[in-house]
Amino acid sequence: MSEQQQEQIEERKLDEQYYQKLRQLQELDFALVELTLYLDTHPNDLHALQQFNQLAQQRQQCAYQFEMQYGPLLQFGHSYSRFPWQWSEPPWPWQV
Amino acid sequence: MWIYDKKLQYPVRVSKCDPMMAKFLLEQYGGADGELAAALRYLNQRYSIPDKVIGLLTDIGTEEFAHLEMIATMVYKLTKDASVDQMKAAGLGSNYAQHDNGMMYTNSSGVPWTAAYIQAKGDPLADLYEDIAAEEKARATYQWLIDMTDDVDLQDSLKFLREREIVHALRFKEAVEIIKEDRATKKVF
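Chains as they are written, first to last, in our numbering: chain A, 298 to 393; chain B, 495 to 683.
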């Protein structure tokens with residue numbers, strides 16, 4: 298196997314993992330969006346509220362791991378950055 | 495204050511270059527019942543609506559911007575490999591002459607977005623009924639868009655957006671009941 302082929306395979310592996318991790322976070326965030334809108338009109342549903350707080354915690358950990366690997370998701374100090382400044386690095390959401 | 499999240503709300507994949515479909519999708523970008531109009535309509539209504547539903551308008555208005563980015567992503571992916579001839583054949587010739595591949599807030603017929611799409615009446619029930627209607631109209635448009643393509647990847651993302659319109663309409667209907675209930679409660683001053 299040539300070096301180039303090996304590189305291509307490694308790149309693809311990274312890609313698969315990237316999409317998988319992104320998908321995980323998107324799933325958690327989707328549940329949180331749904332619960333948010335639901336709680337906006339059902340503020341006294343304790344069970345939904347518990348689910349919300351539990352998922353919010355899970356989301357924090359999942360996002361932290363994703364950001365460690367692929368760079369910041371949020372700006373204005375809500376995410377950390379390595380040197381050099383990572384925010385302006387691609388990929389942007391429509392490029393993946 | 496708003497914070498940008500550097501990811502799509504739901505994955506957008508397309509399986510082919512299809513500038514004609516991109517043109518149709520612009521209806522949900524800069525059209526009367528599109529995502530831009532929805533986001534601006536809800537966020538703008540917050541300042542005159544009772545406190546109990548401000549949270550809902552803020553959250554749905556914010557989610558609409560995530561949908562706007564999904565539509566832009568669809569248009570971007572469907573046209574990025576298109577030749578000038580393909581753009582012309584898809585009816586995007588005049589678009590191309592004006593904007594190249596730049597995005598533009600127009601509907602599918604090229605009519606620029608206008609604030610006239612937004613009706614702010616200041617009356618909470620009138621505004622919420624307007625929102626319910628907007629969601630139902632957007633849902634119908636998504637159904638027609640799904641019917642217009644055979645690209646299963648694109649259909650998947652469009653189905654997600656169609657479902658969101660249904661949930662938003664449901665929440666707005668609940669908000670109507672919350673306001674009615676609040677009005678029915680006797681208040682002694």
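The hints are simulated quantities; they were obtained by calculation from the structure and are not laboratory data. Glycine is no exception: its CB is placed at the ideal position from the N, C-alpha and C atoms. There may be inaccurate statements among the hints.
[Said to hold, decoys possible] Below, in silico cross-link-like pairs of lysine to aspartate or glutamate (EDC-like), each with a Cα-Cα straight-line distance of 16 angstroms or less: (1) B:K546 x B:D641; (2) B:K653 x B:E671; (3) B:K574 x B:D594; (4) B:K500 x A:E386; (5) B:K510 x B:E668; (6) B:K653 x B:E668; (7) B:K500 x A:D342; (8) B:K510 x B:D594; (9) B:K500 x A:E364.
[What the hints assert, rightly or not] Derived Cβ-Cβ restraints for the label pairs, each shown as a range: (10) B:Y541 x A:Q314: 41 to 51 angstroms; (11) A:E386 x B:Y570: 12 to 22 angstroms; (12) B:S542 x A:P387: 33 to 43 angstroms; (13) B:A609 x A:E313: 26 to 36 angstroms.
[Stated by the list, open to error] Away from chain B, derived, C-beta distances all over 10 angstroms, residues of chain A: (14) Q323; (15) D326; (16) T333; (17) H339; (18) Q348; (19) F349; (20) Q351; (21) Q354; (22) M365; (23) Q366; (24) P369; (25) L371; (26) Y377; (27) S378; (28) W382; (29) P390.
Taking the shortest Cβ-to-Cβ distance between P390 (chain A) and chain B, state whether it exceeds 10 angstroms. 5 angstroms, violated
Using the beta carbons of E386 (chain A) and Y570 (chain B), state whether their distance is inside 12 to 22 angstroms or not. 19 angstroms, holds
Given pair status - E668 (chain B), K653 (chain B), alpha carbons within 16 angstroms: 23 angstroms, violated
Is it correct that the beta-carbon of M365 (chain A) has no partner in chain B closer than or equal to 10 angstroms? 14 angstroms, holds
Would you check the hint for K500 (chain B) and E386 (chain A), treating anything up to 16 angstroms between C-alpha atoms as holding? Distance ~11 angstroms between K500 (chain B) and E386 (chain A) Cα, so the pair holds.
Minimum Cβ distance from F349 (chain A) to chain B greater than 10 angstroms, as the annotation requires: 13 angstroms, holds
16 angstroms Cα cutoff - pair K510 (chain B), E668 (chain B): 40 angstroms, violated
Checking one constraint from the list: CA of K510 (chain B) to CA of D594 (chain B), max 16 angstroms. Satisfied? Roughly 20 angstroms between the alpha carbons, so the hint for K510 (chain B) and D594 (chain B) is violated.
Tell me if the straight-line CA distance from K500 (chain B) to D342 (chain A) falls inside 16 angstroms. Violated. K500 (chain B) to D342 (chain A) sits at ~31 angstroms, over the 16 angstroms cutoff.
Could you tell me whether the CB distance from S542 (chain B) to P387 (chain A) stays inside 33 to 43 angstroms? 41 angstroms, holds
Find the nearest Cβ of chain B to the Cβ of Q366 (chain A) and say whether that gap is larger than 10 angstroms. 13 angstroms, holds
Range agreement (Cβ of Q314 (chain A) with Cβ of Y541 (chain B), hint 41 to 51 angstroms): Because 45 angstroms falls inside the window, the suggested range holds.
The earlier numbered hints that this structure contradicts are 1, 2, 5, 6, 7, 8, 13, 14, 15, 16, 17, 24, 25, 29.
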